[in-house]
Amino acid sequence: MDLELLFINFPYFVAIILFSMGTLIVLTQTNLIKKVIGINILQSAIFLFFITVGNIEGGVPPIYDPQFPDVLYINPLPSCLMLTGIVVSFSVTAFALALIVKLYLFYGTICTPNFMKLK
Amino acid sequence: MESVLKLPFLCIIGTLVTAFCMPVLARWKKDFCAPVATFAVGSVFITTIVIAYNVMHGGVIRYAVSGWAPPWGIEIVVDSLSSMMIMLLSGICFLILIYSFSAIKHELERKVVGWYYTAFLLTLAGMMGLVVSNDIFNFYVFIEVTGLGACSLVAAKGTRQATEAALKYLLLATIGSGFILFGIGFLYMITGHLNLTFIAQELVLVKDSYPFLIWTALSFFTVGFGVKSALFPLHLWLPDAHSSAPSPSSAVLSSLVVKVYIIAFLKILLIAFGLEIFHETFIRHLILVLSIIAMLAGSFFAFVQIELKRRLAYSTVAQVGYVFLGIGLGTPWGLAAGLLHIVVHAFMKTCLFLTAGAVYYQTGIKKVNQFSNMGYKMPITMGAFTIAAFSMVGIPLFGGFISKYGLALGSLEADLPLIILVIIVSGLLNATYYFPIIGQAYFSQGDNEHENSHQDNNHGDSHVDNKFQIDQVPLSMLVPIVILALGIIYLGIFPGTILEFINKTVTALL
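Chains as they are written, first to last, in numbering that gives the first Met the number 0: chain A, 0 to 118; chain B, 0 to 509.
I should point out that these hints are in silico values taken from the structure, not numbers from a laboratory. All figures in this text were calculated on a predicted structure; none of them were measured in a lab. Be aware that a few hints might be false.
Unchecked claim - Where chain B lies over chain A, by a calculated footprint (3+ residues, C-beta under 8 Å):
id, stretch
1, 1-9
2, 39-51
3, 67-73
4, 100-111
Beta carbons: idealized from backbone N, C-alpha and C, even for Gly.
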C-alpha cells in the first residue's frame, strides 16, 4: 500500500530530491560555475513540480477539438506559469555568468577559496 | 473615481517605461538621465499621494488588469497598507534620486550612469508591484524583478568587493525565491487559486484535509522570505552587499528592499493563511525566537565592525528583527508597531547611509574611528546623523521611540513581558555602537590636535583645521539629508497621520 502511494507520487519525490540537491550544490560547491549549475537544477526541480501539479492522468493537451468535445484536458495554467519561470531562470543565469566573467578578470580563477589567498 | 482605479497600475508601468528609456537617453545625453528619472519618480510620488487620499476616504481600490475578472486575471488591490507603502517607497526613492545627482558622479564610472538609473527604477517598479499586487504568482515575478534590480545596484560599482557581494547576493536570493516559488506551488496545489482573496476563501474549507501540506507550504514561505528579508540566521548576504554598494544603492537596499519582502510575507501569512492557521501552527513562535536572536546578535555584530557602512548594514539585521518581532507577537499593538517601524526605519537608515555617503564625499573617511572633529567640519550632516542615531537608540521625541514603545505594549498584550527586557537591551546595544561615533565627532578634537602638533610642530595649521565651517558637499546632497532628519522628528512628535493608516490596516488584518 505504502509502496504504491510512493509510486503514484513519484514525480513529487524526484522534484524534492532535485531541489535539495540543487540547494546543497549552491551552498557547498566552491567552483562558481558549479554554483550556477546548482541554481539551474534547483529551478528545474520547481518546473517539474509545477508541471506535475497541472498534470491529470489520461489527460490530453488543452487544444479544443470539435470531433471529441468530451475528452479530459490537463490543467494548462501551471505550464504557462513555468514559461515565466524559465525566463526568470534564464536571466538569473545570464546575470550570474556575467558577474563570474568579471570576477575571473579580477582574480584569474573561479574558485572561491582562491579569492581569499589573492586578496 | 473611475480614473483613480487605473492610477496604481499606471505608476508601475510609468516607472518601468522610464527605466527602459534610460539607456537610450544615456547614449544621447548623459546628463539628462538624472533629471528625467527624478521627475518621473516625483510625479509617481504625487500620484501615490492622490491614491492614498482616495483610499483613506473612499475605500479599497480594486483593479483587474486588462479587464480579466479576479479568479482568472491579475488583480491589483490597494488597501491602506499598500497605499502607505507605495507612498513611502516612491517618496524615499525620490529623495535618494535627488541625492544621487552629485553622489553618483563621484562614486560610479561615467559609462554606467544610464544603466544605474535603469536598475534603480526597475527596483522601484518591482517593489511597488510587489506591494500592490494581489496575485501570488505575480508576487514571484516582482520578487525576481526587485532581486535582479537590487543585485545590479550592488554590482554597478564595479569593484572587486562589489562584484563578489553581488554574486553572493544573487545566488542566495535565487535560493530564496526558489523556496517562495515552491511554496506558491503548494498553495496552488491545495487551493487551485493564485489570487490571495480566493486562496483565503478556499483554504478555510480545505485546511483540515491537508494539515501537513499547509505546514510544508508555510515553512517554505518562511525560509524563502527569511532569506530575502535577512531574518537572522539567513542574513549572510546582507552585510557584504549593503556595505560594498554605492551609498545611494545601500540606502535603497537597506531601507526599502528588505522591507517589501516582509510586507509580502505578512500578506501571505495573514490574508492567505489567515489568523487561525497563524496561531495554530508554531510559525509564530519560530518568528518570535528568530527575531529576538536577530535583535541581540545583529547589534553585537554591528558593535565589532570598524567600517561605518558595514556597521550600518549589521544594524539593519537587528532592525529587521524588530519588524519580525511585531509580526510574531500577533497582537494589534505589536503588529502596528512592526509596521510603524518599517516606516521609521526607512527614514532612519536612509538618513544614516546618505550621511555616510556625504562624509565619504567630503573627506574620504570610511572607518568609524576617524570621526574626530567631524562635527565641526560637517555640522549639518553630523546633526542629521545624530538625530537618526538617537532615533535608532529609541530616545523620546524621535521616531524610533514610538515604534519601540508600541512593541513593548504589544509584548504586554501578548503576555510576554520578558520581551521588554530584550527590547531595552537591544536599544542599549544600539547606543553602544552609535554614541562613540557621535562623541568622537563633537568632543574628541583634543586628541587629533595633539597628534597633529606632534607630527609637524605647526600649531597654527591644526588650529585652522578645527575651525567651525559649513559642509563642503553640494546642496543636492544636503537637502535630502535634512528633509529625512526633519521627517524623523516629525514622526516622533506627530505619529498620528501614519498611525491612522496602520490602525486601518491592523483592524482589517486582525
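Take the stretch 100-111 of chain A, compare each residue's beta carbon with every beta carbon of chain B, and decide whether three or more fall closer than 8 Å.
holds (count 4)
Verify this for me: three or more residues of the stretch 67-73 of chain A with a beta carbon less than 8 Å from a beta carbon of chain B.
With 0 residues closer than 8 Å to chain B, the stretch 67-73 of chain A misses the three-residue bar; violated.
Between the stretch 1-9 of chain A and chain B, see if three or more residues pass the 8 Å beta-carbon test, and mark the coverage as holds or violated.
violated (count 0)
Closer than 8 Å Cβ to Cβ for three or more residues is the test here. Does the stretch 39-51 of chain A pass it with chain B?
holds (count 5)
When held up to the earlier numbered hints, the structure conflicts with 1, 3 and fits the remainder.
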